[in-house]
Each structure stands twice: as C-alpha cells, then as structure tokens.
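Turn these sequences into a full structure, and let the hints guide you.
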Amino acid sequence: MTPDVLAPFALAAALAAAAGLRFYGVVFFVGFLGSLGVIQLPGDLQLLTHPAIVVTSGVLFAFEFLADKVPLVDSLWDLINTFVRIPGGALLAALALANQDSGMVAAAALLGGLLAGGTHVAKMGTRATLNLSPEPVSNWLASFAEDGLGIGLLVLALAYPLGFLGVFVLLLIALVWLLSKVAGAGLRLIRRRTIVGNSN
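Note that this note's numbering has the sequence shown beginning at 66, numbered continuously upward.
Keep in mind the hints are simulated off the structure, nothing from the lab.
Heads up, some of the hints might be wrong.
Unchecked claim - Pairs of lysine to aspartate or glutamate residues, derived as DMTMM-like cross-links and limited to a Cα-Cα distance of at most 20 Å, are as follows: (1) LYS134 / ASP212; (2) LYS134 / ASP69; (3) LYS246 / GLU211.
Printed below as a string of structure tokens:
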C-alpha cells in the first residue's frame with residue numbers, strides 16, 4: 066500500500082489514540098490547521114474546520130489544559146470526560162475514513178473507541194496513582210508529556226504515515242503494558258481495603 070492510501074488509516078489511529086488523552090485539543094489542533102489550509106483532511110474531517118467547532122474546542126482545550134495541571138482536579142476531569150473521549154475517538158476515526166465503505170467506517174468507529182478507551186484508562190490510572198504523591202511536579206510532568214504525545218502522534222501521522230504505523234505498534238505494546246500495571250495497582254488497592262475493612 067502506498068503512503069497516500071495508508072494516510073487516512075494512520076490519521077484515524079492517531080486521532081483515536083490522542084483523543085483518549087486530549088479530545089478537545091485534538092479537535093482544535095486538527096480543525097485549526099485544516100481551516101488555515103496547512104493540512105488536508107481526509108474523509109469528513111473537514112467538518113472540524115467549521116469556525117464554531119474551532120472556537121468551541123479551543124475554549125474547552127484551554128480549560129482542560131489548566132484543569133489537567135491541578136492534582137485531584139485532573140482525576141475528576143478525567144472521570145467526567147470518560148463519556149467524551151471514548152465516543153469522541155470513535156467519531157474521529159469514523160470521520161477520517163468516511164470515504165471508505167460503510168463496513169470499514171463501522172470498524173473504524175469500533176476500533177477508534179477501543180483505542181481511545183485504552184489511552185484514556187491508562188492516562189486516568191496513571192494520574193490517579195501520581196495524585197497519591199504529595200508533590201505536584203510529577204503530575205505536571207505527566208500532563209505536559211501527554212500534551213506532547215498527543216500532538217506528536219498527530220504530526221507524525223500527518224507527515225509520515227508509514228513511520229507512524231511503526232511507532233503505533235510500539236505504542237500499542239506500551240499501552241498494553243501500562244494497562245496491566247494500572248489494573249495490578251487497582252487490584253492491590255482493592256485487596257488492601259478489603260483487608261483493612263475485615264480487620265475492623
């Protein structure tokens with residue numbers, strides 16, 4: 066497959082993965098650059114260049130950017146946005162592949178939601194663990210790292226689709242590993258609370 070053929074698939078994967086971290090930022094970044102003509106958006110992603118969507122997503126991203134830097138507030142924000150990021154990732158992936166047949170669009174939505182859910186849960190679990198620390202620096206570093214990762218995935222998918230797919234495989238491996246760590250930490254916390262509850 067040529068890079069031109071792979072490009073919308075790479076972008077769909079990048080959008081879904083990044084949406085699990087910063088949905089509003091993803092919509093703003095892609096919509097704003099698309100409205101300026103800096104990037105050409107495949108499928109129905111051109112919808113994101115509408116001024117109302119660019120402005121709304123920009124305001125929400127600014128709020129999210131600040132909220133994500135405040136310990137505990139970030140975890141509350143993550144919890145609320147569970148109902149935004151996962152369906153948002155599914156929607157963005159489907160829009161990116163809107164020129165494909167209906168079966169491919171449906172598959173993109175399912176996989177996009179799954180991918181966004183994976184990055185969202187990994188982010189939420191990691192940040193909840195960091196919030197147990199009294200110092201805020203690690204939280205800030207994690208937040209900025211997430212900002213950079215989301216933008217980096219999008220830029221790579223837009224500029225080098227083939228290169229992105231290689232990085233994407235590594236990202237999936239890292240995501241599975243991180244999710245296993247988050248699940249393990251959650252189970253240990255449940256056991257600890259169960260033991261404490263039984264002792265009382």
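Hint check results:
1. LYS134 / ASP212: 11 Å, holds
2. LYS134 / ASP69: Violated: LYS134 and ASP69 sit about 38 Å apart, past 20 Å.
3. LYS246 / GLU211: With a Cα-Cα distance of about 18 Å, the restraint between LYS246 and GLU211 holds, given a limit of 20 Å.
Of the numbered hints listed earlier, the single one contradicted by the structure is hint 2.
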